Amino acid sequence: MSEATSESSGTGSRLSWAAADSWTMTRRELAHWARQPVQVVVGLVFPVMMLLMFSYLIGGGQGVAGDFKAYLLPGMLTMTMAFGLEATMLAVTQDLGKGVIDRFRSMPMNQGAVLVGRSVADMLQSVVGLVVMVAVGYAIGWRWHEGLASFLGAMGLLLLLRFAMLWVGIHLAMVAGKPELVQAVQILVWPVSFLSNAIASPESMPSWLGTIVEWNPMSATATAVRALFGNPGAGGDSWAATHAELLAVAWPVVLIAVFFPLAVKRFRDLSR
Amino acid sequence: MPDHDLAIVVEGLRKRYGSKQALDGLDLTVRAGTVQGILGPNGAGKTTAVRIMSTLLRPDEGRVEVGGVDVRTRADEVRSRIGLLGQNAAVDEELSGRQNLEMFGRLYHLGARRAGARADELLARFGLADTGNKAVKQYSGGMRRRLDLAASLISRPGVLFLDEPTTGLDPRGRMEVWNAVRSLVGGGTTVLLTTQYLEEADQLADQIAVIDHGKVIAEGTADELKSKIGGDRIDVVLHDVAQLARAASLLPGDVVVDEDRRMVSASITDRMAALTEAVRALEAAGIEAEDIVLRRPTLDEVFMHLTRDDAEVAA
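Top line first, the protein sequences correspond to chains A and B. Mapping of the first sequence onto my numbering: residues 216 to 487, in sequence order. Mapping of the second sequence onto my numbering: residues 240 to 554, in sequence order.
FYI, nobody ran anything at the bench for these hints, they're computed from the structure. The model shown is predicted, which means the values in this text are computed figures rather than measured ones. Do not rely on the hints blindly, as some may be mistaken.
To be verified - Straight-line C-alpha distance at most 27 Å; calculated DSS-like pairs for lysine-lysine:
#1 Lys480(A) to Lys259(B)
#2 Lys393(A) to Lys376(B)
#3 Lys313(A) to Lys467(B)
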């Protein structure tokens, strides 16, 4: 009677269905982009506008020694990754609100595929976002001075931060379940971003504030990326400032270790 | 009765949300190939019951088998046998109707080619072939509902759950959904349908379970339920609203007055005798009747009667 029972229950076939289902869910997100090209373009243009604004309009850079553009671009790349939190939250909240998740959950598909599809799509979007930002940066005179391996290492650290934000976003969206919280987060990412060394150097701030800024996960990523690009850094001789590479890995790993299981549990608990 | 005759077996289902006992010992059996109506007011536990039966929600207590398979321990097997039409349209609004059906087909593991073919087949069957490439957010409510129904039929499920399938639809949309359900039942699908509309249960369901406060308070066919509140009724429509109260005092049994419709309605036992007596009594009192009708009680009356009894028991 049913057409959907053709799969065997072997581990191998289960894994290949999990992969197939995840790809189907990823394709769903890609189809969304194709249907809403304007939204995709706006999403890409927004960080570019911020980059140009800070380069040419606001400019100067509080307490930054040397070329501000070289300092700014890694900061803006980091901010773009952190702002991905909103995009993930918005998408998950919308899905939960629409009831389409209920259909997925009532189907004999791999249940993890819903989350895997979300992550793959968000990561792809972030890669595209990074490429656009780097290209624009190059066009306005930013350069990196180390080899390709360092360049790719920097991209890897940025995407690691984005991956951490992804799971924080999925978890928060499921905790809130409502678009109102997304708005609150959209507002909060601004002060949190400015409380990093993305745009200004902590050297220019009161020392207690500088300490908070140096420990911000975004500062660690931005500092490590600056070093890998061979761009001027934020300076500072605190433990956090001198161990930025370590923290740029440790912070996201800790966030993922905390929020990945929480998000998965939340998803499972939809049936409670 | 051998178990394979029963498409759904529900035993002692309980579910609590905080201080609210949504389900309080729900029992139900649904025979294969029939339409089971679940009738109840808002908050009676209809949706909670459907969500448990369709694997979306775990019960606190109790057991559900769909096609002889336990929904808790073998959820995936149940999922491959059922279709679900929830209260909210469970489709992706940004995608086209065809993209939705194809995606769901792939997720039912039909493979790309069969998923595409099945999508086209269902679009044609539900009159969506022309609009299959439009985004769902441009669909009317009725179209959206039909697409949702098409999505729940992709795997040719043996058991279909419909949770308030016509809530929020205009009369035309409602007719479209009703016709679709009727044609499915012809194909041997077991349908469990929740509704607040008595007319809908009357039209579609073979068996009706009336639920209130999380348990079944009455069960049977529409006719059986109607005879439960004491047989036939006589409706008298008057010219003059002012005479309603007087007319009510002349009629026998359990009398209901409806001022908006200028009508008194009374329960009767002997049809012909009651009609003669009513006409005579009204004439003697000089009350002019515009219309006099003998009829079976409506499910509305049964429903009001049953839920009122229940409130009295609870009080």
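Hint-by-hint comparison with the structure:
1. Lys480(A) to Lys259(B): holds, 24 Å
2. Lys393(A) to Lys376(B): Given pair Lys393(A), Lys376(B) holds - Cα atoms ~20 Å apart, limit 27 Å.
3. Lys313(A) to Lys467(B): violated, 41 Å
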